[in-house]
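Put chain H on the given structure of chain V with help from the hints.
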Amino acid sequence: MNEETAPRTAFEDRTRSSRVFSILDEPLARYTLWYVQNESEVALTHLADVLTGWLHEDSGVVTTVDDRDRIRLLLYHVHLPALDYLGFVRFDHTEKTVSRGEIPSHVQAVLDVLREADLE
Amino acid sequence: MGAPCQRPGASHRDTRATYQCPGATYQRTSATHQPTDSPPFRGPATRVPNPIQYVLGSTPDRPGPVPHHRSDATGGRRLAAPVQPAMKSLQQALSEIEAHRKTLEIYSANDQSAIVDQFATRNVTVVTGSLPPGVDAEFVIVRGPEGEFVGSLGLDTFRAILSPAVHPPWVLTERETAYSEVFDFLDDTLFSSYDRRQMLATTREIEERAWRRGEGTLYVGFQNRRALEQQTNVYETLAAHGNLAAELYVSDEWDVAIGESVRVTSSSATEIGQFWFVLYDGGGSAIHRCGLVAEERDAGRYYGFWTYDPALVEELVGHLRTTYGPE
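Protein sequence lines, in the order shown, are assigned to chains V and H. By our numbering, the letter at position 92 of the first sequence is numbered 95, and the numbering carries on one by one without gaps. By our numbering, the letter at position 179 of the second sequence is numbered 267, and the numbering carries on one by one without gaps.
Next comes chain V alone, as it looks inside the complex (with noise of 0.2 Å):
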């Protein structure tokens, strides 16, 4: 049996459901979410440079040059390559651009609900 022919399909669902709340469960990934909903396509250095502004909002710190990087090193490596896989944003590697994606229903629910309990 090699893994062409393999029954993963339950097994994928399984892991694709997980890598959804996974990621629904990072902050940044949400407001990358939110954000890219409202734009066509945004430069991923004016999404980390927004991102870093607004997650500091309420924090009452000047953020730095190294807080942008940091969240835009996780962005390019960790947030936007899973979310790219999972269909929600398209993250142009060469370009180093992000646009709006195909979100389903039930992730965008949990997405309203969150989005609730993170902007209230």
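For the record, the hints were derived by calculation from the structure and aren't laboratory data. Just so you know, these numbers come straight off a predicted model, no measurement behind them. C-beta atoms are modelled at their ideal positions from N, C-alpha and C, and glycine is treated no differently. There may be inaccurate statements among the hints.
What the hints assert, rightly or not - Derived CB-CB ranges, DEER-like:
(1) H:R285 <-> V:P84: 47 to 57 Å
(2) V:V116 <-> H:A197: 29 to 39 Å
(3) V:S62 <-> H:N198: 52 to 62 Å
(4) H:S201 <-> V:D28: 35 to 45 Å
(5) H:E341 <-> V:D61: 52 to 62 Å
(6) H:S201 <-> V:S43: 22 to 32 Å
(7) V:D87 <-> H:G302: 50 to 60 Å
(8) V:E105 <-> H:D224: 20 to 30 Å
(9) V:S25 <-> H:R284: 52 to 62 Å
(10) H:R284 <-> V:D87: 37 to 47 Å
(11) H:A315 <-> V:L117: 50 to 60 Å
(12) V:L117 <-> H:N321: 17 to 27 Å
(13) H:R247 <-> V:N41: 40 to 50 Å
What the hints assert, rightly or not - Chain H stretches covered by chain V per the calculated footprint, using a threshold of three residues with CB under 8 Å from any CB of chain V:
(14) 212 to 220
(15) 375 to 381
Stated by the list, open to error - Once the Cα atoms are required to be at most 25 Å apart in a straight line, the calculated DMTMM-like pairs of lysine to aspartate or glutamate come out as:
(16) H:K190 <-> H:E383
(17) H:K190 <-> V:D72
(18) V:K99 <-> V:D61
(19) H:K190 <-> V:D69
(20) V:K99 <-> H:E234
(21) H:K190 <-> V:D61
(22) V:K99 <-> V:E42
(23) V:K99 <-> V:D87
(24) H:K190 <-> H:D340
(25) H:K190 <-> H:E234
(26) H:K190 <-> H:D205
(27) H:K190 <-> H:E303
(28) H:K190 <-> H:E341
(29) V:K99 <-> V:D28
(30) V:K99 <-> H:E236
Leaving out everything else, chain H in the frame of chain V:
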């Protein structure tokens, strides 16, 4: 970029944790200036630049230290005015500062025209960014001349910084904000039309910093005798606090004692009469140095800059001490 980063044991909500990538560890670091253990400034051993004249216009080959007379608040003689360089390269200096123009990118669902108005006379461009509908977050991204990210902060914090207390520092409570961190990216801010109230507010901001630190020296210039007369009680109080001292410079004659730690230097040098300046040497701590230098171009309208750049403040203090004393 290389392989994906690992995020060991970090809370999902903690965006400030340590992240480890192959070959590198990324930690939150501060871009603020670190305190130094160097002693308080004791005056330069060699010729120092003349920053006030440099920034606001000067000739490169100015004379050395000029004659001056300092009274120790008991009055005394007054020497002839020193030779002053022409104020002709102002535009060149301004262009250099203009080249470092920053941009404030405001994110808010509410009308922020007040902030736009507030910066109308400053060397800053204000633009607005957009967030998704329904988001009530308010923050500002500060960008450099090339549009690069310099820093960000919440609008509440930003407003607090932009509203320096007008009242004297000794009735203020401690603020939570660390000024050195906040103002790191607002060093050398140019302003072009401060009124007297704004000048006093910024002056109080600098005095407040000195008051909190409780040591070091304030260097303050008064355009005329009347301006100093109105502030003598302020500096008497400041200089009586902790180990603070005040070196006051006035273009008119002065023979009134103000306090033990207050010295008044009377000089007819052009720049003393021309500029309103307040410099705090940080009391041995570079991160506490700050200053304001401004020229009254039209009646009641001031043009100049304020700075939290330790090196620039040190240069300005060095210039004052070399030129007018104390040695």
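For each hint, the structure was consulted:
1. The beta-carbon spacing between R285 of chain H and P84 of chain V, approximately 54 Å, falls within the hinted interval of 47 to 57 Å.
2. Judged by the Cβ atoms, the range 29 to 39 Å given for V116 of chain V and A197 of chain H is violated: they are separated by roughly 21 Å.
3. Separation of S62 of chain V from N198 of chain H is about 20 Å and departs from the stated range, judged on CB atoms against 52 to 62 Å.
4. About 39 Å separates the C-beta atoms of S201 of chain H and D28 of chain V, a value consistent with the hinted range of 35 to 45 Å.
5. At about 54 Å, the CB distance of E341 of chain H to D61 of chain V agrees with the hint of 52 to 62 Å.
6. At about 27 Å, the beta-carbon gap between S201 of chain H and S43 of chain V stays in the expected band of 22 to 32 Å.
7. For D87 of chain V and G302 of chain H, the hinted distance range of 50 to 60 Å is satisfied, since their beta carbons lie about 56 Å from each other.
8. At about 28 Å, the CB distance of E105 of chain V to D224 of chain H agrees with the hint of 20 to 30 Å.
9. Our hint of 52 to 62 Å for S25 of chain V and R284 of chain H holds, since their Cβ atoms are close to 59 Å apart.
10. At roughly 57 Å, the beta carbons of R284 of chain H and D87 of chain V sit outside the given window of 37 to 47 Å.
11. For A315 of chain H and L117 of chain V, the Cβ-Cβ distance of about 58 Å falls inside the hinted range of 50 to 60 Å, so the restraint holds.
12. Taken as a hint, the range 17 to 27 Å is violated for the pair L117 of chain V and N321 of chain H, whose Cβ atoms sit roughly 57 Å apart.
13. For R247 of chain H and N41 of chain V, the hinted distance range of 40 to 50 Å is not satisfied, since their beta carbons lie about 26 Å from each other.
14. With 4 residues bearing a CB less than 8 Å from a CB of chain V, the segment 212 to 220 of chain H meets the requirement of three and the coverage assertion stands.
15. For the segment 375 to 381 of chain H, the stated coverage by chain V is not satisfied: 0 residues place a CB nearer than 8 Å to a CB of that chain, which falls below the threshold of 3.
16. With a CA separation close to 22 Å, the supplied pair K190 of chain H and E383 of chain H stays within the 25 Å bound.
17. A C-alpha spacing of about 20 Å is found between K190 of chain H and D72 of chain V, which places the hinted pair at or below 25 Å, so the restraint holds.
18. With a CA separation close to 29 Å, the supplied pair K99 of chain V and D61 of chain V exceeds the 25 Å bound.
19. Annotation: proposed proximity of K190 of chain H to D69 of chain V holds, straight-line Cα distance about 19 Å (limit 25 Å).
20. Between the alpha carbons of K99 of chain V and E234 of chain H the distance comes to roughly 19 Å, so the proposed pair stays at or under 25 Å and holds.
21. Restraint check for K190 of chain H and D61 of chain V: the C-alpha separation of about 23 Å stays at or below 25 Å, so the hint holds.
22. Distance check on the hinted pair: K99 of chain V and E42 of chain V sit about 15 Å apart at the alpha-carbon level, within 25 Å; holds.
23. A hinted pair counts as satisfied when its Cα atoms are at most 25 Å apart, and K99 of chain V with D87 of chain V qualifies at roughly 13 Å.
24. For the proposed pair K190 of chain H and D340 of chain H, the alpha carbon gap of about 38 Å is over 25 Å, so the pair is violated.
25. Among the hinted pairs, K190 of chain H with E234 of chain H is consistent with the structure: their alpha-carbon atoms are about 9 Å apart, no more than 25 Å.
26. For the hint linking K190 of chain H to D205 of chain H, the alpha-carbon distance of about 16 Å falls within 25 Å, and the restraint holds.
27. Annotation: proposed proximity of K190 of chain H to E303 of chain H is violated, straight-line Cα distance about 33 Å (limit 25 Å).
28. Only pairs whose Cα atoms come within 25 Å are accepted, and K190 of chain H paired with E341 of chain H is rejected, the gap being roughly 41 Å.
29. About 24 Å separates the Cα atoms of K99 of chain V and D28 of chain V, which keeps this hinted pair within 25 Å; it holds.
30. About 16 Å separates the Cα atoms of K99 of chain V and E236 of chain H, which keeps this hinted pair within 25 Å; it holds.
This entry does not satisfy hints 2, 3, 10, 12, 13, 15, 18, 24, 27 and 28, going by the numbered hints stated previously.
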